[in-house]
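Quick note, the sequences are listed as chains A and G, same order.
Just so you know, this note's numbering puts 4 at position 4 of the first sequence, and the rest follows in order with no gaps.
Just so you know, this note's numbering puts 181 at position 181 of the second sequence, and the rest follows in order with no gaps.
Keep in mind that the hints were calculated from the coordinates and are not lab data.
Some hints here could point you the wrong way.
As the list claims (entries may be wrong) - Computed cross-link-like contacts, DSS-like style, restricted to lysine-lysine with a CA-CA straight-line distance of at most 27 Å:
| # | chain 1 | residue 1 | chain 2 | residue 2 |
| --- | --- | --- | --- | --- |
| 1 | A | 3 | G | 163 |
| 2 | A | 105 | G | 170 |
| 3 | G | 163 | G | 219 |
| 4 | G | 219 | G | 260 |
| 5 | A | 30 | A | 43 |
| 6 | A | 14 | A | 3 |
| 7 | G | 11 | G | 102 |
| 8 | G | 254 | A | 3 |
| 9 | A | 30 | A | 3 |
| 10 | A | 105 | A | 3 |
| 11 | G | 11 | G | 163 |
| 12 | G | 170 | G | 102 |
| 13 | A | 40 | G | 102 |
| 14 | G | 11 | A | 43 |
| 15 | G | 219 | A | 30 |
| 16 | G | 163 | G | 102 |
| 17 | A | 30 | A | 71 |
| 18 | G | 170 | A | 109 |
| 19 | A | 71 | A | 37 |
| 20 | A | 71 | A | 109 |
| 21 | G | 107 | G | 163 |
Unchecked claim - Output of the computed footprint for chain A on chain G, the stretches with three or more beta carbons under 8 Å from beta carbons of chain A:
| # | segment |
| --- | --- |
| 22 | 73-84 |
| 23 | 266-275 |
Said to hold, decoys possible - To list a few chain G residues with every Cβ distance to chain A over 10 Å, as calculated:
| # | residue |
| --- | --- |
| 24 | 56 |
| 25 | 164 |
| 26 | 217 |
| 27 | 250 |
| 28 | 251 |
| 29 | 253 |
| 30 | 282 |
Just so it is clear, CB atoms sit at the ideal spot from N, CA and C, and this is done for glycine as well.
In case you want the letters, here they are:
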Amino acid sequence: MRKIRLEQLTPGMKLAQDVVNFSGQVLLYKGNPLQPKDIKNFKAWGVLEVVVESSSLNSSNSLSNNQIDGKLLVEAQNEMSNLFRHSNLSHPVISELMRLSTLNKLKQKPGMENVNVY
Amino acid sequence: MSTSPKALRPKDMITGSTRTSSLPEIFIMINEVVNDPTSSFSDIAQVVNLDTALSARLLKIVNSSFYSFPSNIETVTHAIAVIGTEQLHSLALATTIIANFKGIPDKMLNMNLFWRHSMGVAIIARNLAIHCRETNPERFYLAGILHDIGRLIILENLPDEAKEIITRQKEIGGVMWQIEREVLGFDHGEVGAALSHSWNLPLSLEEIIGNHHNPGRSKRYPLETTIIHLADIIAKAMELGSSGDIHVPPLDEKSWEQLKLPTGIFSAIWNQTETQFNETIDIILSG
Numbered sequence: 001m002r003k004i005r006l007e008q009l010t011p012g013m014k015l016a017q018d019v020v021n022f023s024g025q026v027l028l029y030k031g032n033p034l035q036p037k038d039i040k041n042f043k044a045w046g047v048l049e050v051v052v053e054s055s056s057l058n059s060s061n062s063l064s065n066n067q068i069d070g071k072l073l074v075e076a077q078n079e080m081s082n083l084f085r086h087s088n089l090s091h092p093v094i095s096e097l098m099r100l101s102t103l104n105k106l107k108q109k110p111g112m113e114n115v116n117v118y
Numbered sequence: 001m002s003t004s005p006k007a008l009r010p011k012d013m014i015t016g017s018t019r020t021s022s023l024p025e026i027f028i029m030i031n032e033v034v035n036d037p038t039s040s041f042s043d044i045a046q047v048v049n050l051d052t053a054l055s056a057r058l059l060k061i062v063n064s065s066f067y068s069f070p071s072n073i074e075t076v077t078h079a080i081a082v083i084g085t086e087q088l089h090s091l092a093l094a095t096t097i098i099a100n101f102k103g104i105p106d107k108m109l110n111m112n113l114f115w116r117h118s119m120g121v122a123i124i125a126r127n128l129a130i131h132c133r134e135t136n137p138e139r140f141y142l143a144g145i146l147h148d149i150g151r152l153i154i155l156e157n158l159p160d161e162a163k164e165i166i167t168r169q170k171e172i173g174g175v176m177w178q179i180e181r182e183v184l185g186f187d188h189g190e191v192g193a194a195l196s197h198s199w200n201l202p203l204s205l206e207e208i209i210g211n212h213h214n215p216g217r218s219k220r221y222p223l224e225t226t227i228i229h230l231a232d233i234i235a236k237a238m239e240l241g242s243s244g245d246i247h248v249p250p251l252d253e254k255s256w257e258q259l260k261l262p263t264g265i266f267s268a269i270w271n272q273t274e275t276q277f278n279e280t281i282d283i284i285l286s287g
């Protein structure tokens, strides 16, 4: 089971938990494989994250995507660790902001402009 | 300054400086006409039009993606009718404040970067407020513009101490507002709150500015203060401008929990802010 952001969803992934809207109405029950129209529907309802079965995740979605230059990534990570040196890195807010800012930094590096952010 | 900084209080700096002792005149005039219940939109527009730079900037902003209205807005009257007097108020204050603080020497703190940071916080705070379904998100914009204003006042009135604070952070490290307390006995938040008080701005602003590094201490406006606190952290993570502080300030974890927001919204806020920031920054900072 893994919680992932809407941008990372791809058709065929299997839901591990019901997806509900802000008033608790179920948009799609768990166990269902996602179809393109479901993802559109989630977006329309303002859903930000869903929980999917780990087995349905494909590894190319992770940060260490093979199109990313490993050396530049480490460079970006180091720059961000300095920026966040007074922060509690294990807090979910900080780790999410660090993830976003590292990718932002990486995109500013030569050849990395079109790197897939998600 | 010949007085010992330890004995100095934040409000002494406000009354001692012509720049901060009173609000810009155009702002007072807008304030009066907006608060007068008999004013019509065209009465308000007439006052705004007195300041040509302000009215031109206002029209550029309402026509940018920040508001994304479907049709072109060509007159100030129309602009007020669509964005509302509250928004006009914030925008007018933001532009007049930036103009008012022109001429502070750039040596220690790059003013362009400083305002870019403040504008970044303003836009992020407004977006966070919309996500929290807060009423009137525009007031967060104003709080964002003003949150670090105390830093400029310290810089102008106590240049030696300001220099020491900056050097100390560079050489020894540490959280900037804590170094300010060690050196001055107070931090830039308290100075900003004193300014807000002497300008008769709403009490909420005073409390938000004063506690934006310690939102847990805000008694009456904890949610508002936390939104600015978080927006400050996000703006630093996005590296929008620079407030003079070279690190992301620590997050108040307890206050964050009160917002009840999922961390998943940050990527959405990030994208929204990038677009709005790039569209409005040059308009506000030019001229």
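Original post:
Three or more residues of the segment 73-84 of chain G near chain A by CB distance under 8 Å?
Top reply: violated (count 0)
Original post:
Do the alpha carbons of residue 163/G and residue 102/G lie within 27 Å of each other, as the hint requires?
Top reply: 19 Å, holds
Subject >> Distance restraint between residue 107/G and residue 163/G, which requires alpha-carbon spacing of 27 Å or less >> reply: Given pair residue 107/G, residue 163/G holds - Cα atoms ~10 Å apart, limit 27 Å.
Original post:
When you check the alpha-carbon spacing of residue 254/G and residue 3/A, does it fall within 27 Å?
Top reply: 23 Å, holds
Original post:
Taken at face value, is the distance from the CA of residue 102/G to the CA of residue 11/G at most 27 Å?
Top reply: 21 Å, holds
Subject >> Proposed proximity, residue 170/G with residue 105/A (alpha carbon, max 27 Å) >> reply: This hinted pair holds, its Cα atoms lying about 22 Å apart.
Subject >> Holds or violated: residue 71/A to residue 109/A, with C-alpha atoms at most 27 Å apart >> reply: 11 Å, holds
Subject >> Closest CB of chain A to the CB of residue 164/G still more than 10 Å away >> reply: 19 Å, holds
Subject >> Hint consistency between residue 170/G and residue 102/G [alpha-carbon to alpha-carbon, up to 27 Å] >> reply: It holds: about 26 Å lies between the C-alpha atoms, which stays within 27 Å.
**OP:** Mind taking a look at whether chain A covers the segment 266-275 of chain G? Criterion is 3 or more residues with CB to CB distance under 8 Å.
**Re:** Our answer is that it holds, as 4 residues pass the Cβ test (under 8 Å) against chain A, meeting three.
Original post:
Was residue 282/G rightly flagged as not at the interface, with every chain A Cβ beyond 10 Å?
Top reply: 20 Å, holds
Original post:
So is residue 251/G really clear of chain A, every C-beta pair being over 10 Å apart?
Top reply: 6 Å, violated
The structure does not agree with the numbered hints 1, 3, 13, 14, 15, 17, 19, 22, 27, 28, 29 stated previously, though it agrees with the rest.
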